[in-house]
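Asker: Chain residues, written in single-letter form:
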Amino acid sequence: MNSYAVDYSDVQGLLRFGYAALTEASFLLLRIRDARDASAWLASAPVTNAVKLDKAPPTAMQVAFTREGLEALHLPPNIIAGFSDEFLSGMWGEENRSHRLGDIGKNSPEYWRWGGSEKVPHVLVMLYAQKGQLQARREAIQDPAWDTAFEIMDSLPTSDLQGVEPFGFTDGISEPSLDWERQRTSADQVAYTNLSCLGEFLLGYPNEYGKYTDRPLLPNDSTSVGLPEAEDSPGMRDLGRNGSYLVLRQLQQDVRGFWQFADRQARSDPQAREQLAASMVGRNRNGDPLMPLSSQPIDGVKPAHPSNQFTYDSDGNGTRCPFGAHIRRSNPRNADFPPGTTGFFSRLIHNLGFAGTDLRQDIMSSTRFHRLLRRGREYGPRLSPEQAVQPDCSDTGEHGIQFVCINANISRQFEFVQGAWIMNTKFNGVTAESDPLLGNRQPIPGCAVTDNFSLPQEGGLPRCINGLPQFVTVRGGAYFFLPGIRALRYLAMHSPPT
Amino acid sequence: MTPQSNFMVLAPIAADRIDALRNLLASMNREPGVVDPQNALVPFGELETLHYGRILILDDQTLNDITAYGLPRVNYPTYLAFLGDFDGPPEAFFAELAQRAGDGLKHIFSHCVDFNPDGNLLDWMKARNVSAATIYVNWIGRTVQQVGEEAALHDALVSYVQQNAAALTGMPPTKAHDALKQYVRSEQQAGRLTLTPPQATPLGWWIGNLIHLLGVPLLLLLLTPFLLVYSPFFLIQLRRHEKSDPEIAPRIDPVHAHQLAMLEDHDVTNQFSAMGAIKPGLFRRWLLTFLLWVINYTTRHIYNHGRLARVSSIHFARWVFLDDKKRLLFASNYDGSLESYMDDFINKVGFGLNVVFGNGIGYPTTNWLILDGAKDEQKFKYVLRRHELPTEVWYNAHPGLTAYDQQRNTLIREGIEKESLTNTEAQQWLRLI
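Line by line, the protein sequences give chains A and B. Quick note: the first sequence uses the working numbering, first residue 1, plus one each step. Quick note: the second sequence uses the working numbering, first residue 1, plus one each step.
Chain B on its own, in the form it takes in the complex:
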């Protein structure tokens, strides 16, 4: 199994070069919201292990929100953020990135305040790589290569079945399964289909994962007495905050809404990027740190095979602390429109949204951490849209393939690789095609 990795290079942009950078990034797109995978700056399409990539200008329009707490506005630098999710260890990926996109990246990064074009690009990027507090991967271990091969398998089977419908539908399910297996085998022999076996899980990753799997619960167990003693105080503090935290949920500025809308719905999968300030004070800071740490455990060890709790439409997502945990960036790749994404969240994992984003300034009021909040549907949607950033450049290695499609294709492949199926299994398997 090949685990997935990610990067996020974060660097302040020179104040007088933001517009120039925005124009440069726009030149990577065929049209707004549609990147040219072979663009001259970062030819994403040539990076064979990259699932998703995006380049953002972190131009936070909500910096005044902090004044609702009687605190002064902080003028954070406007950052450039370059994010990617890829297969395998970072070293190999970065080397390939520098080789294929070195000049283009230098051109992009030359808009940042501290970039030295004569220095080592990779060292500069690595020094500015920011780890996420929580990472979500829809299916840990499913590589770009696997997605592509399995999609080709699905397409080949669909057209074969259509051409031989009469013969195949006349067969009992197990016979049809055999026939399709035989067809795939002959296609593989002819070199028209490839199903590369998974690689061995890297030992280092496996050990690290095991330590994490056991270590976090152990640590939690050790902390339990303290957490229990603290819990009544926690609840008092929580309720005090919840009752006084202001909501900031105005209607969306139409210009901002239009900018975002232009970038959406070009593919069945969409991008979402948003940022905002965390509520001031140590209480929220520690609470959010703790919660994202726990959630990261669940995404790493529990929600790593197709679902984040009830939601099956997210491919990759991450939550990243910025500016000494004063702000949070959220980035995700999801299926469907933003409206359906938000509805999915509100109705299926509202509690999950509340525990995280409830710590952000202006979020609709939560009760007892998990209740209400997102259930105030319209306010929640305004808040989300308001904090959303235009994703200047977005690359998806799997256009037209939803997370559902990818999972179905994997199940089809598993059926092809099974020696034999029972009648019921074969029936269920055939339904996938």
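Just chain A, with the same shape it has in the complex:
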């Protein structure tokens, strides 16, 4: 399995780095004006790869494409058809997808500023730079060819809130570790692991099932020269290898709404307010989880992130961290079997369904098949919770996050996490509530109320908060293909001859 080492020079750096040192960033959404000029620009675009340098580079650039973008570059339809169904259909492409993702009501694609059927970007150019250098970098890449090649549909701003998302919580703590060394094999997991097979995030490598996710494979001929070989299909070239899918969603956050709601519930007691907000998130503002840290090391949890070393195994009743808390929904940290299942016989008994009758047992999927590599950036000015609760708070700015996640299988990873965990009003046995932060509070058939948040209590009866407003609104979104660098050069070869 370890026959080929990863060629980092062919991988866009975002898969390996978050570019934390590059505190300025801007995400450009482009329409292709002229395919030939666009191809010319892409053929030599200085895209940053994943090779580790002694010193972080002063700037970085990443490039990704929507299906419409690949079409605009004249990639043949039979090759485009090799990408995944979700990518081809688009984030807004099916009504039932919008339902599952929670993109209804105010989140509905018809209200999006970009994305949706009307305003589809072709190309995403992500620019990163050290403080003060972004503008210069942006001017540098926009050479004369750029202007004839692209029209800038939108330029998504970001701001540096020092690792704190707009509601005021330390963000980006939980990230899966990628098995770059290709040591991990797919096998049943009886303990939660934070280490993921490379194929969960990079196309062209085995995933957690030990299989290669489908992507376009091309015959090995003169047209596909330069593309890497397909590891699983000898004689074929792999357009997906070292690439991935990138999900971008612009999420506006109502910071005042969030903290004023918490303040009202807490009757303006600052400590109670903090506690309630922390239980909605599952962490305190400084990033400490509500769960105690585990004394046992967890596979793939880096020493640099000790506040990621915990599971919910000891909290079967949800009294320490509510079942519905944001981080418990988005990463339930479970294994393939419930805690305590070890050995062949215990697994067998479990597989046959004879391992007890606990109501919540096995209600959730195993986390390792549903991980996301998050690479989002905040936008808007900082507004502290203390300012936000002031009735006369003069907050004119818009706050939010340019949510970015990378995954090899959009339906099994991003869409699953968003649909089955975050937005699901029946997640893990809760009822009448979706994610306390991200929920759209829309009624579903048979359940008019979905705007609750329940906090299980030691005493028995849960504490139930009612009437959560919608705090987060989707303003745009799209699925992109983030190609490997050789694949990017290949994509730039298809514009019609002069």
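Please keep in mind that the hints were generated in silico from the structure rather than gathered at the bench. Treat the hints with care, as some may be off.
[What the hints assert, rightly or not] Label pairs and their calculated CB-CB ranges: (1) B:Glu-247 <-> A:Leu-293: 43 to 51 Å; (2) A:Arg-267 <-> B:Ile-370: 52 to 60 Å; (3) B:Ala-26 <-> A:Pro-46: 50 to 58 Å; (4) B:Met-1 <-> A:Pro-292: 42 to 50 Å; (5) A:Leu-293 <-> B:Met-1: 47 to 55 Å.
[Unchecked claim] Covered by chain A, according to a simulated footprint, are these stretches of chain B (three or more residues, beta-carbon under 8 Å): (6) 62-68; (7) 166-174; (8) 329-337; (9) 396-409.
The beta-carbon is built from N, C-alpha and C at its ideal position, and this holds for glycine as well.
Got chain A; can you put chain B on it based on the hints?
Answerer: Positioned in the frame of chain A, the structure of chain B alone reads:
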């Protein structure tokens, strides 16, 4: 205890009337995938003992698959299938069905080749009723009435607790339990809540069930010597088949995918209908017959209280042989999205999928009957989607209620009906609310 029953009326559709029928069925829906429970043809909502109903056009898009075995394509008729899962004995249900939906059903069935509008509707339906090889019921004995009453109980308790949170949370758990019991009792007396006691188990059913419970293992015991002698030959045959059976797992046609997607995710519960041909030859035919017979035993006597092995999200499901066991129909009602359903299956009961669907043409290669197969995640998902049929009409008597919700509500009711609970029991019980 009132056991559940089911029906499936199967009749060939006149070739020139398939489109007309599809349009007629569409008229029963408010929008694609959402039936009008009071629609003029079959007012499902008036059938008080019906859990789930569906009407399908069995238009199999995979009939060419058999040619992978060098056999000619067989053009089976396109069938209409009308399925339902309900409480109590069939006679009473069918009588009610004919009374409330007689004209509508006649209209629907008039698209079938052999329907006589002047004949007796019920006789015609009964003559075309096809039994399933395996039936799964999430909780044998839980009636539509019980689900409704217990959901009302849950909702009433939740709002009562919210209104009296301060008082109740201050009480020790056993006192809170008493207080809630008292509240429920007063609501019952005022006629606002009803908790109908379960009816006596029908004697005939009970005897039949007992005979089945003992008879199948007895038969298996008698067969054991033969099975043991046969087993080495079986393994040789199995491996030979497994090594040569072709996989047919192309990507899904986007038009087909869109048709299916339009019908999904309108409710927390979804429908799934799929059909396909069984691999040719006596080996697969007998193997599948035997396995479904054994599985039906387990669903009837073991997996009948909330779980099918590790999976707790299926309400009702069935496997039905068609066309002299040349083809198989699978229909289920499950919680969540299709993606999460398939993941649940792959990761929790992959072996169970393999033993059954591994006998279908084109299924991802299994090894030793239970290994691999579904674990080839993407291929498995393509195969499932490819064999899936649009469920033209689907009725769910319990919108918004997952199998988990129903089970939780039953536990709440059990707590209400218990005289007293220990402190720990009361604590656990209160957590359910």
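Asker: So, for every hint listed, does it hold in this structure?
Answerer: Hints, verified against the model:
Range check, Glu-247 of chain B to Leu-293 of chain A: Cβ separation about 46 Å, and the 43 to 51 Å hint holds. At about 58 Å, the beta-carbon gap between Arg-267 of chain A and Ile-370 of chain B stays in the expected band of 52 to 60 Å. In this structure the hint that Ala-26 of chain B and Pro-46 of chain A lie 50 to 58 Å apart at CB holds, the actual value being about 55 Å. The given range of 42 to 50 Å is respected by Met-1 of chain B and Pro-292 of chain A, whose C-beta atoms sit roughly 45 Å from each other.
In this structure the supplied range 47 to 55 Å holds for Leu-293 of chain A paired with Met-1 of chain B, their Cβ-Cβ distance being about 49 Å. Counting residues of the region 62-68 of chain B whose beta carbon lies closer than 8 Å to any beta carbon of chain A gives 0, which falls short of the minimum of three for the stated coverage. As drawn, the region 166-174 of chain B meets chain A at 3 residues by the rule of a beta-carbon pair under 8 Å; at three or more, the given contact holds. Using a Cβ-Cβ cut-off of 8 Å, 3 residues of the region 329-337 of chain B lie near chain A, which meets the minimum of three, so the contact claim holds.
Counting residues of the region 396-409 of chain B whose beta carbon lies closer than 8 Å to any beta carbon of chain A gives 9, which meets the minimum of three for the stated coverage.
Violated hints amount to a single one, hint 6; each of the other numbered hints is respected by the structure.
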